[in-house]
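Colleague: Spelled out from the first residue to the last, the chains are:
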Amino acid sequence: MGEIQALASHLLNGLAYGLLLFILAAGLSLIFGMMDVINLSHGSFFMLAGFIGVSLADDLGFWLALLATVGIVAAIGLAVELTLLRPLYNRDHLDQILLTFGLALVIEDASEWIFGSTIQSLGVPAALSGNASLLGVSIPAYRLAVIAVGLLLGAALYVLLEKTRVGAIIRAGVSNREMVSALGFNITAIFGGVFVFGLALAAFAGFMSAPILGVYAGLDFEILILTLIVVVIGGLGSLTGAFWASLLIGITQILGQAYFPDLAALVIYIVMAAVLLVRPQGLFQRKYA
Amino acid sequence: MGTAEGASALRKFLGATGIAMFSAFTLLLVSCGGGGGSEGGDEPIRVGVVLPYSGVYAQLGEDITDGMNVYFEENKEIAGRPVELVREDEEADPQVGVQAARTLIEREGVDILTGAVATPTAYGIIDLIEREQMPFVISNALGNDATRRGVEYVFRTSGSSWQVTYPMGEYLAEEGVETIFVSAADYAAGQEMSTDFKDGFTSAGGEVVGEAYPPLGTNDYSTYLTEIRQADPEGSWSFFAGTDAVRFVQQYAQSGLKENTTLYGTGNLVDSDTLEAQGEAAIGAQTALFYASTLDTPENREFREKFQQQFDRPASVYAVQGYDAAWLIGEALKATDGNTEDTDALIEAMENVEFQSPRGPMRLDENHNPVQNIYIREARRQGGEIRNVVIDTIEEVQDPGQ
Numbered sequence: 001m002g003e004i005q006a007l008a009s010h011l012l013n014g015l016a017y018g019l020l021l022f023i024l025a026a027g028l029s030l031i032f033g034m035m036d037v038i039n040l041s042h043g044s045f046f047m048l049a050g051f052i053g054v055s056l057a058d059d060l061g062f063w064l065a066l067l068a069t070v071g072i073v074a075a076i077g078l079a080v081e082l083t084l085l086r087p088l089y090n091r092d093h094l095d096q097i098l099l100t101f102g103l104a105l106v107i108e109d110a111s112e113w114i115f116g117s118t119i120q121s122l123g124v125p126a127a128l129s130g131n132a133s134l135l136g137v138s139i140p141a142y143r144l145a146v147i148a149v150g151l152l153l154g155a156a157l158y159v160l161l162e163k164t165r166v167g168a169i170i171r172a173g174v175s176n177r178e179m180v181s182a183l184g185f186n187i188t189a190i191f192g193g194v195f196v197f198g199l200a201l202a203a204f205a206g207f208m209s210a211p212i213l214g215v216y217a218g219l220d221f222e223i224l225i226l227t228l229i230v231v232v233i234g235g236l237g238s239l240t241g242a243f244w245a246s247l248l249i250g251i252t253q254i255l256g257q258a259y260f261p262d263l264a265a266l267v268i269y270i271v272m273a274a275v276l277l278v279r280p281q282g283l284f285q286r287k288y289a
Numbered sequence: 001m002g003t004a005e006g007a008s009a010l011r012k013f014l015g016a017t018g019i020a021m022f023s024a025f026t027l028l029l030v031s032c033g034g035g036g037g038s039e040g041g042d043e044p045i046r047v048g049v050v051l052p053y054s055g056v057y058a059q060l061g062e063d064i065t066d067g068m069n070v071y072f073e074e075n076k077e078i079a080g081r082p083v084e085l086v087r088e089d090e091e092a093d094p095q096v097g098v099q100a101a102r103t104l105i106e107r108e109g110v111d112i113l114t115g116a117v118a119t120p121t122a123y124g125i126i127d128l129i130e131r132e133q134m135p136f137v138i139s140n141a142l143g144n145d146a147t148r149r150g151v152e153y154v155f156r157t158s159g160s161s162w163q164v165t166y167p168m169g170e171y172l173a174e175e176g177v178e179t180i181f182v183s184a185a186d187y188a189a190g191q192e193m194s195t196d197f198k199d200g201f202t203s204a205g206g207e208v209v210g211e212a213y214p215p216l217g218t219n220d221y222s223t224y225l226t227e228i229r230q231a232d233p234e235g236s237w238s239f240f241a242g243t244d245a246v247r248f249v250q251q252y253a254q255s256g257l258k259e260n261t262t263l264y265g266t267g268n269l270v271d272s273d274t275l276e277a278q279g280e281a282a283i284g285a286q287t288a289l290f291y292a293s294t295l296d297t298p299e300n301r302e303f304r305e306k307f308q309q310q311f312d313r314p315a316s317v318y319a320v321q322g323y324d325a326a327w328l329i330g331e332a333l334k335a336t337d338g339n340t341e342d343t344d345a346l347i348e349a350m351e352n353v354e355f356q357s358p359r360g361p362m363r364l365d366e367n368h369n370p371v372q373n374i375y376i377r378e379a380r381r382q383g384g385e386i387r388n389v390v391i392d393t394i395e396e397v398q399d400p401g402q
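As you go down the protein sequences, you meet chains V and B in turn. Sequential numbering of the first sequence, starting at 1, is according to this note's numbering. Sequential numbering of the second sequence, starting at 1, is according to this note's numbering.
Source of the hints: derived by calculation from the structure; they are not laboratory data. Built from N, CA and C at the ideal position, the CB exists for glycine as well. Any given hint could turn out to be false.
[As the list claims (entries may be wrong)] FRET-style restraints, in silico, Cβ to Cβ:
#: 1; chain 1: B; residue 1: VAL209; chain 2: V; residue 2: PHE260; range: 16 to 24 angstroms
#: 2; chain 1: B; residue 1: ARG313; chain 2: V; residue 2: ILE4; range: 48 to 56 angstroms
#: 3; chain 1: V; residue 1: ALA79; chain 2: B; residue 2: GLU207; range: 57 to 65 angstroms
#: 4; chain 1: V; residue 1: VAL149; chain 2: B; residue 2: GLY401; range: 53 to 61 angstroms
#: 5; chain 1: B; residue 1: LEU85; chain 2: V; residue 2: ASP262; range: 38 to 46 angstroms
#: 6; chain 1: V; residue 1: GLY167; chain 2: B; residue 2: GLN310; range: 53 to 61 angstroms
#: 7; chain 1: B; residue 1: GLU178; chain 2: V; residue 2: ASP58; range: 39 to 47 angstroms
#: 8; chain 1: V; residue 1: ALA273; chain 2: B; residue 2: GLU302; range: 55 to 63 angstroms
#: 9; chain 1: V; residue 1: ALA127; chain 2: B; residue 2: GLU207; range: 36 to 44 angstroms
#: 10; chain 1: B; residue 1: GLU354; chain 2: V; residue 2: ASP58; range: 22 to 30 angstroms
#: 11; chain 1: V; residue 1: ASP262; chain 2: B; residue 2: ALA92; range: 17 to 25 angstroms
#: 12; chain 1: B; residue 1: ASP337; chain 2: V; residue 2: ASP58; range: 52 to 60 angstroms
#: 13; chain 1: B; residue 1: LYS76; chain 2: V; residue 2: PHE260; range: 54 to 62 angstroms
Bound conformation, chain B alone (with noise of 0.2 angstroms):
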């Protein structure tokens, strides 16, 4: 690779560049000239999405709105109506996400609003769109209040942290797990998933024998490997995510401590986004997600199989998050006849509507929120890869809503 390759990649980028600019434009323009109401049956549908496009949450960004595009592929038009993303980039700043939600809102003039990878963001928006009384679709932060606050106009198609830690920490306790070390990043989600999870551990019984919270980012967790060590409990729960989770998994194996305690944790600690960088590391690892991969139903095989086709990779827990999103949004619009103006019907539409969703059974709570199966999946190698298998199901469970 030398620097010929480096140029053209250069050149390559500024090209791509240019386009989205020229595209950004263009957009600008079609949203000056267009305005007024969206009263004639052939106005276009208009769904905000706000999704991180660059920085580290990039990939999960694409991967929803791919998800929702294996939707809106089969569902080009609703009640005659053409349905158009029009995205805007959520970065991995709070402050951004919420701007763009806005930019959105009142320069966009979409009629729907999903997105938000990141709690803080999802929040922001919640305070947002409660005065714009627009209809708003969480397709991933998880962060317990967003459907607790009970605002009418908040969904939610991923789930709540309490879900993905509760009810794990209960089932290692009734497994006959006696003693965990728990640690997790060092931020309001960290604090969140772990608080949930020793609640859920040690009602059930279990023995909290030791606690540590790294900052996020940390580079050595070697520090925490020995604090395990010398805690010596029959297992680890832990809640890390992108980076952090590599480095913790491929650390904890190269310490050794996965010959004698078995690493637990929510379904980011070895996710598809982590997965291949950790390799063998992962091997063992338990984990508690309302999806896995490898889940056994037509509705599964068959989304898979369509994101595989149109995407060309494999579909990740975020895709289906998207692809449910998009479900939600579509399936309540052609339920109004494509009517966005009616913000009251549309809620009501959007809360019957029935998924189909390649996770497994779900419906949404009183709250907006999924009641949905948790998976305890065990990450194996399979057919040369590595993969979550399914060694048991937690069905319907449904977030305490307060």
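With the rest of the complex left out, here is chain V (with noise of 0.2 angstroms):
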């Protein structure tokens, strides 16, 4: 294999990781830009949907527990608006912080005590098992299915937010919440939707990324660190920040792997402090506020 077909490779795995993060840092950033609020559970949900995938694929199969999976965690994430987030949002971003802190704390705790302290983890389906080709490079077949997933579900986000109803409603809803309800959309089950919906997003990276990263108690606030630090880099609240700068992170990371051996576990901290001090706001600021 020649030096090119190497750096191919490198870019496609790349890819594939960074698009990973950008399913996760989607969901991250869709709450933040509806709430003002970082939702640092985010990570706990990622996790949990690791952990009720794997109980779940012996029985039903990697596709369907993926759908499952999904949505058991959007239930447990509409159970927690309704009972725990609802009755803050009339209170300081603090008490809100707060309440999402001491989630990702419980999680991890009951997920341990629930799943055990072992690390777990995910067959890929037969069909994308083994090395798949692409122009002579050669990529696991897995990671480009979550190339093309990724890549989808970009697509019709932004089809979603920009060029629908009610995606002018939540675009609305973010710039200013009171002239929407006085229009006569109820705010409270948007913002309902949205939390929930981005816990969905954080359910399906979860899943998507447990025949590779494995699950354990602890991965939820690993990735929440990187997810953040997407987040940061993108913009806060910026879906088209979210995106690149997950690719940015993903490719960056890969790359520094493989030429920078020695600097492989700084690499997207110095990234990260370069971008933020050339654009302290993020890459791309955030469009509605």
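Combine the two chains into a complex, taking the hints into account.
Modeller: What follows is the structure, given as structure tokens:
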């Protein structure tokens, strides 16, 4: 295998990794755009989806387990929204952040208690096992699927937010919630819907990454930090920003590992520091604020 | 799974914490009230255990402790003195671990110390017990220097890094593997293991065609897998443990490398704590360790049966290490008639303990490190489960001692 193929292989792997981050960061970014609150339990729902997925996949098979997992996590999210978050909408942001942080701690302990402390993992579906070859560059078939799904989801999110009525209401709600409310829309329900949708995205990412990253108690905060980095680089609340920042982080991490192995653990932090020095508000300023 | 169940989980969790705090409190009262020497015949023998009970290594700590309990269940009293395990959490932090050992020695007044999953913790505790002149049985940490320093109070019932790497390097070269790519997690243990493996492999004529050292906790190994593909070696040898091992082995299989490049490594790569998560991906991996759950000896069968019965889960290599640590302590105390005051006599007794280890033949060398068989195991599907099957045995491997 030549140098060029190796580089292309690194880029494809980086793209797959970045798109997984994007699905996760998109949810976080949406919730932030809506509520002005960073959901610190975002990584916990990602991890929870992994655990649930692993326990379901044996009986249901990969694809059905994926659907069921997203459904279950969304249901848990809805319950959380109705019982815990909703009463806090009129309170300070700090209270809401504290709630999501508390939730993260509870989910971590509860999943360790229910699912155990050893790492678990998910096999890839038979159709996607093995290696695929794209223009002479080899890449695991599963990663190719992740790339396809990530790009599709990105496009779908863009269309949903920019081209549909629901998207228009959400965007309006972000920029002026009183006005939207006065126009007769149930803003509380919209907030709830966005929160649940964001968590469903986290669950989707959690399930899809289980065959690559595995699932274990502690993954929640590990992945939360990565996601926060993506969202900060991209610009808080910006979906476009989250997209490009995810790719930037995914690809620089992989290229960093390949060409600057001594800095492999640091490379994304260096990128973050560099971006924030030049553009403190992130790559893409938040559009609706 | 709704919030109701979550709430009850929380209640149970809080309940458990409450109980733990209460027992810690009583323990404190007892140790304050007890005090004094341990001359009386009925004074309990207090064994201090420093193992991780929280954090990423918690499962190892549980396994080692339960392995010890298999022995002490049958030896509740030694020479008329009840045996008491006093546990402290090592966590995943050497500072915490060493502090825990200090607490056990100074406040709990333990008679003997055992544990240490992490090598840095073990090194820290060795400095401490050398000053305190207290016997210390390492039940996991593999760092070569732990026993090579030759501190007379230090014993070990796992093995050294060298034992699980160098002999396998020699073995592979002698088996006709000519080229190998070496990868290991980038920290002290990874460096030590990979250096010893390379020494063994090259000394027997093999060629290392590439090396990679991913940081601990790497998410995505694809870069390194691409490098392995580029180097196109006959085999790939790795040292990864825990979550790193699961990710590496999974991604190795997904990349399709497995078909042409056999995966070799230390036992950690595909061990009891990771095999279930790795599943199919682990099949075909060949690893070196001083134990295999499939060993067909009466000692192993008996131990595994007892462990399964007592704890309702299969025994791991860590459980074996714990059992042998308890055996070493218990049999030596029997020989000294329960006397814990005369440290020199106790150490001499420990040196003379005859093991009946589930791992097969085992004795201690002059540095108190086990001389033991190294098994070359291959992960295979057997009766619906994936197991490490012994395909070759390197007999009576002794650490070179320097």
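Colleague: Would you mind marking each hint as holding or not holding in the structure?
Modeller: We went through each hint and held it up to the structure:
Taken as a hint, the range 16 to 24 angstroms holds for the pair B:VAL209 and V:PHE260, whose Cβ atoms sit roughly 21 angstroms apart. About 50 angstroms separates the C-beta atoms of B:ARG313 and V:ILE4, a value consistent with the hinted range of 48 to 56 angstroms. Between V:ALA79 and B:GLU207 the beta carbon distance is about 59 angstroms. The supplied range of 57 to 65 angstroms therefore holds. For the pair V:VAL149 and B:GLY401, the beta carbons lie near 55 angstroms from each other, so the given range of 53 to 61 angstroms is met.
For B:LEU85 and V:ASP262, the Cβ-Cβ distance of about 43 angstroms falls inside the hinted range of 38 to 46 angstroms, so the restraint holds. Checked against the hint of 53 to 61 angstroms, the C-beta distance between V:GLY167 and B:GLN310 comes to roughly 59 angstroms, which is consistent with it. Look at B:GLU178 against V:ASP58: about 41 angstroms separates their beta carbons, and that is inside 39 to 47 angstroms. For the hinted restraint 55 to 63 angstroms between V:ALA273 and B:GLU302, the CB-CB distance of approximately 59 angstroms keeps it satisfied.
A hinted range of 36 to 44 angstroms for the beta carbons of V:ALA127 and B:GLU207 is consistent with their spacing of about 38 angstroms. Separation of B:GLU354 from V:ASP58 is about 45 angstroms and departs from the stated range, judged on CB atoms against 22 to 30 angstroms. With their beta carbons about 24 angstroms apart, V:ASP262 and B:ALA92 fall inside the hinted range of 17 to 25 angstroms. Roughly 54 angstroms separates the CB atoms of B:ASP337 and V:ASP58, a value that falls within the hinted 52 to 60 angstroms.
Distance hint for B:LYS76 and V:PHE260: a CB-CB separation of about 58 angstroms, consistent with the stated range 54 to 62 angstroms.
Checked against the numbered hints given earlier, the structure breaks only hint 10 and satisfies all the rest.
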